[in-house]
Structures are given as structure tokens and as C-alpha cells.
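Student: Sequence:
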Amino acid sequence: MEARSAAAAGKDFPYTLSTTCYIEVHNDGKVTQGAGMDAYQRAVAGESRLFAVWPGEWRSDLFAIDDLDEFARAHGIVHDEERTGLADHVHEIHWVAADHDDNPRSQYVTIDVRLGCGCSVRDRRTFAAQMREQRGWNMAVTGGWGYQSNAGGTTYTFRVRRKSLTS
Numbered sequence: 191m192e193a194r195s196a197a198a199a200g201k202d203f204p205y206t207l208s209t210t211c212y213i214e215v216h217n218d219g220k221v222t223q224g225a226g227m228d229a230y231q232r233a234v235a236g237e238s239r240l241f242a243v244w245p246g247e248w249r250s251d252l253f254a255i256d257d258l259d260e261f262a263r264a265h266g267i268v269h270d271e272e273r274t275g276l277a278d279h280v281h282e283i284h285w286v287a288a289d290h291d292d293n294p295r296s297q298y299v300t301i302d303v304r305l306g307c308g309c310s311v312r313d314r315r316t317f318a319a320q321m322r323e324q325r326g327w328n329m330a331v332t333g334g335w336g337y338q339s340n341a342g343g344t345t346y347t348f349r350v351r352r353k354s355l356t357s
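Numbering of the sequence shown is given in our numbering, commencing with residue 191 and proceeding in unit increments.
Worth flagging that the hints you see were computed from the coordinates, not collected in a lab.
Remember, predicted model here, so these are calculated numbers, not experimental data.
Warning: the hint list may mix true and false statements.
Stated by the list, open to error - Simulated restraints, written as ranges between beta carbons of each label pair:
{"no.": "1", "residue 1": "GLN297", "residue 2": "ALA197", "range": "38 to 48 Å"}
{"no.": "2", "residue 1": "LYS220", "residue 2": "LEU355", "range": "42 to 52 Å"}
{"no.": "3", "residue 1": "SER310", "residue 2": "GLU237", "range": "34 to 44 Å"}
Using N, Cα and C, we set each Cβ at its ideal position, and we do this for glycine too.
Please build the complete structure, drawing on both the sequences and the hints.
Tutor: Structure below.
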């Protein structure tokens, strides 16, 4: 049985779904699990091939990761403004501590964020990485987050390590 093509699934392929299992088959026959920057670089260099198992309700399918550019954009290895909603620039940020978050002993604080630069947050991990680089924020990337839009724009709600909120 031949692996199906991830490229044929296009943008519908669940590259970042938590239940998608990645398998890397190295040219020397070694098989490893996981897919990150190193696996991507080896695949681009032709030193290995990447596969993914996409589990379904009744069966799982094996896919060849045959569009490494799409894989890299999905995993944030290469910035993808369309997917993330975030330009690769210094964001104009307006933030306040959320009204309902009043426990000063908590390591994390909930903040409401508005972006004055026209960007929108579609990918929390990318935004968290940008805020860590630009402002030193340590944002939670697991658990809930949300947004609310109205005539004044969109407000995003995130959890950020309290000690990292210096600017």
C-alpha cells in the first residue's frame, strides 16, 4: 500500500492537529518519530522522508509529506502571514489586565490585547513567539484563549506569565 499525498489534501491537511503522528524515515533506514526544524531540514536536504499518520474514527491513514513548503508554513518554520493573520513586523500592541483577573499570587495573568497595526491573531503559537521576541512576554500556548469583535475592532484574551509583562 502506498502512502497518500498530503499535498493532494491541500490546506485541509491537519499538519498541526495534536493527534497527527509524524514519522521520519532516514536514508540509512533509521525510523524516528516527530517533526520539527531538524526533520524538516533533513527532508529538504534529501536525507530523509517525512510521513504522517492521520487518525480517523475507524481507521488511520498514512500520508507522505510531499509539500515541504506547506509543512514548514503550518509549523511556523517559515512565516505564513495568510495562515497566522500576522505580518512579520513589530506589532502595535495595546493591552490591559482583564477585569476579572485579580489574584496577585497567580503566576499568570489574563490580558486583553488589541492590535493597532491591522494584524489579526489566527495562530496563538506564532503570536506568542513574536511577543516573546518583541516584548519578552511568556505567553501560555495551551489552554483557552479567545477574541471578541465589535465596531471598535477585535480584542484578544491571552494568559501571560505575570513577571514577563514589563512593557
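Student: Give a verdict on every hint.
Tutor: Against the structure, the hints come out as follows:
no., hint, result
1, GLN297 - ALA197: 38 to 48 Å, "holds, 42 Å"
2, LYS220 - LEU355: 42 to 52 Å, "holds, 44 Å"
3, SER310 - GLU237: 34 to 44 Å, "holds, 37 Å"
Every hint, counting from the list given before, is met by this structure.
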